[in-house]
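Participant: Each chain, letter by letter, is given below.
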Amino acid sequence: MSTTPSKKAPPPSTEHARDFLTITIANQLFGIPVLQVQDVLGSQKVTKIPLAPPEIAGALNLRGRIVTALDVRQKLGLEPRAKGEKNMSVVVEFHNELFSLVIDKVGDVLSLRSEDYESNPATLDRLWREVSLGIYRLENRLLIVLDIPKLLSATNS
Amino acid sequence: MDDLMAEFLTETSENLGELDLGMVNLEQNPNDKNLLSQIFRVIHTIKGTCGFIGLSRLESVAHKAEDVLGLFRDGALEVTPEYVTLIFESLDRIKFIVSELETNGKEPEGDDTELIAKLAAILANAGADQGYTAEASAILDEMDTIVDQEMAEICTETNTGTEDTEDDIALEASEAPAPEQTKTKPNDNQAQNEATKESAVANQSLRVSVDVLENLMTMVSELVLTRNQLLQILRTQGENEFTTPLQRLNHVVSDLQEGVMKTRMQPVGNAWSKLPRIIRDINIELGKKIELEMRGQDTELDRQVLELIKDPLTHMVRNSADHGIETPAERKAAGKPETGKIYLNSFHEGGHIIIEIRDDGKGLSLERIKQKALANGLATAEELARLNQQQIQQFIFRAGFSTAEKVTSVSGRGVGMDVVRTNIEKIGGSIELKSTEGKGTSVSIKIPLTLAIVSALIVESAGEKFAIPQLTVKELVMTSSDGESRIETIKGTPVFRLRDHLLPLVSLQKLLKISLGDQEIETSAEGKSREIEEARYANKYIVVTQVGAYTFGVIVDKVFDTEEIVIKPVANILRNIEIFSGNTILGDGTVIMILDPMGIAKCSGEINLADSRETDEESSTQKRVAEKISLLLFSAGSNAPKAVPLELVSRLEEIRTTEIEKANGKYVVQYRGKLMPLIPFDASMDIMGQEKKPVLVFSDHHNAMGLIVDKIIDITEQHIDIQIKGIEETLMGSAIIEGKATDVINVGHFLHSVDPHWFKDHGDEPFTPNGRANGDGQAKRVLLVEDSPFFRNMLTPLLQMAGYEVTATENPLEALKLHEAGYNFDVIISDIEMPEMSGFEFAENVKTRENWQDVPMVALSSHATPQDIHRGMEAGFTKYIAKFDRDTLLNTISETIAERYGDAI
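Heads up: the protein sequence lines correspond to chains A and B, in order. Under the numbering used here, think of the first position of the first sequence as 1, with each following residue one higher. Under the numbering used here, think of the first position of the second sequence as 1001, with each following residue one higher.
FYI, nobody ran anything at the bench for these hints, they're computed from the structure. There's no promise every hint is true.
As the list claims (entries may be wrong) - Beta-carbon label-pair distances, calculated as ranges:
1. L1231(B) x L78(A): 52 to 58 Å
2. K45(A) x A1882(B): 32 to 38 Å
3. K45(A) x L1231(B): 19 to 25 Å
4. G1075(B) x V34(A): 45 to 51 Å
All residues carry an ideal CB built from backbone N, CA and C; glycine is no exception.
In isolation and in its complexed conformation, chain A is listed as follows (with noise of 0.2 Å):
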């Protein structure tokens, strides 16, 4: 979970394939390693943080310890969630802190080969670029690799 890939080269991984946590926002397909991932959440009851960076979506109580929440839509420049749409979380842990990604739905697990995997086409929204490790082919879809230090960091600057 401390490897942090490094940027733009292939995920390093000695075996062929890698577990991946699907995730999905606004319809597009995202995978998160899942070695980094320590918990999914349904909806949760969130403190909100006044005067906090707007991707912020506020604080809340996961077994005692305290977890920011990051709204990803927000965070990729995407519309906010309708009202009363549905959410999930995935819990990271960055600098030993916890944060509480809120994404639309989460899904399988799934075991990609390197094979299919891809570099950011070098087209990409600069926005997604920064926090995209790289493309996946899936048979009827594509899946952005989300690189999670990236997300959270670009966040604390």
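Based on the hints, put chain B in the right spot on chain A.
Facilitator: What follows is chain B alone, placed relative to chain A:
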């Protein structure tokens, strides 16, 4: 044995224990570099530390051993069994000395020349290999002679306290050329002999890494929170089978929490350990003679707090030594002893720890502070002229302010008291400074014991809850749309009249830019009339908050309970939001943000804490000149408003007239399970006319009575000057209050009319008139010196009713005349602020007079600051109490008298 030594011993014993294993391994792997450097490090540490605490014998052994090990480590010398033996021998010697240190607290007598010589020989050999022949041979020669002498000595001298070692040395010496296998045997024996003695100190304590403790603390905090959650659930559910086990859990968790907190506690002496050295250096560098006296080193506080105050403390002691204490010549000229003293003292008080730093140096020079303040543009000459001594001294807490004439290597680099104050305030502490020019300076720091768990007030704004640390909250005010408790606005800025002051207000909702979906955030003052704007602030709460000396109000929508919370740091992303000091999980499991009052003060506008402090002090001095008391204004009977000192009123009640009954010809009401007599203020009052009547309740611990009035008008803080003495018994007199002629009522009369024994027959309750029960049945004589007729008139009957014989005088001079006339008293109660002669002067005078010098004196003052109290004690007062506190006054008097006559009364 001091702490430093104990720590050294613990550490050394542990390290040596590790080395035993290491050395055995070394024999098997003579070239294990890691092992070698580990051993080297341990020996090196021992050498360094014992040099520091002055253990010369240990140091010399360790030093030589280190040199040899250094050669091993650098590869300059090959590790042979012989050498290892020698190192063993050195280690054993070190162990021996350490164990002796542990039992006797000092190094044993004895000589290590022989061992050192052997080590030196190795060094010399190694040197020879590298070509330092001349030096080496010289050392070798020397060694030979030393060895010879040593052998001779050993043979003759066997009857000393160091028998063990000497024997050991003899054995070693005789078997020196033998292979190390046989060699280690005697060493083992010795080690066993010593094993029983070993580490008596080391076994008493355990070194635990701070991380482990921190982790434990975090977990306990979680446990506390979970417990709170459970208790909260229990409260809503009522009694059930979980009640008892949960209560047990509650206790166990509390004990556990306390226990874990203790593990984090460290004696404050740890933060002081460097100070003697600093003072010594200053003595040498600046040619001063300073003695540092430390008291209360054992006072414990949280290590986190300790870390934070270490630097400020060091800084202040340095300041005292460098700027405070004069050179011996200067001191002599000033008629002081050549050696200056710095006292450091610490003790617990309430939930706080107080640290005092006092010196008998030259004190702060007001002139220099003034010059500096002028030069730095902090104040104008006119402003300075208006400030009092204390206010001028406050300048040293300003940024970049240093009065040192020259920058020494010790201090005066401009990082000054402002940093000290900021650091201390950061951890919720406060700092107070007293200085008398020529006599010295005293600084007292008050800091909380721990930062881990604090009590917080939970408030709500725009539907969101926040926590405010209880420590900073002074009071809560509920606002309404009109009348006194109305928030007014000045160009959109809300302000509130809090008693005599205009309280700046901050709307939490605006500050945090939060809104309830439908409610629009206030945009501009334009287009909105002031009325609408002010109406928006109705029915809110003002949390009156104090940061340093700056007081301001935070407007919130709702106020809930207080809760014990554990402050957790916010995520890094949020660190730059100054308004929050952390976050926490409440009993119900929700996350809540903790507001930082200092952050709010900063965000809400440019404030200069130092400035507001000064104005505060100024106003308090003004107050002192004109004594003000809180008065409750009401109307009853005739037209003129009536006033009664608020302190005398216990409660205000509204009583339904239908509940008023008549018993024994008097009005009574059932009040809190008892019958309370009611008295109409005026017999002509129509009591049954209205549905409800306001009642002023006067009570002490047993009795209560109600005074029925017509209407409560207001509470005001006033200086009262009774201009017309009361003709009726019910009135004390009349005064101008709020621009109207107002009758000040004589509460004593009403109390008396209900029950002539009002202040008597209380059994052993606080103001038992101990005075009259002095065996001989004589009432105790009290001398009351008070210039204000109001207080004289209020206190005299009060004291009389409590069973004392009271003599009241208008001023100290009159009181002293009584002395001359041969009067005697059991206790003297005196006001402080009096025109002809202050209470302090009076006390000093009394203490010089025959017959009177032993009479206990109680000071009465409306403003009892620590400085005043200190001054009062110096002048000779036994007690110092606030003027309006009736119970304390009576208590104090009876205690004081009891103390004087012993407890036999």
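Participant: What are the numbers of the hints the structure violates, in ascending order?
Facilitator: 1 and 2
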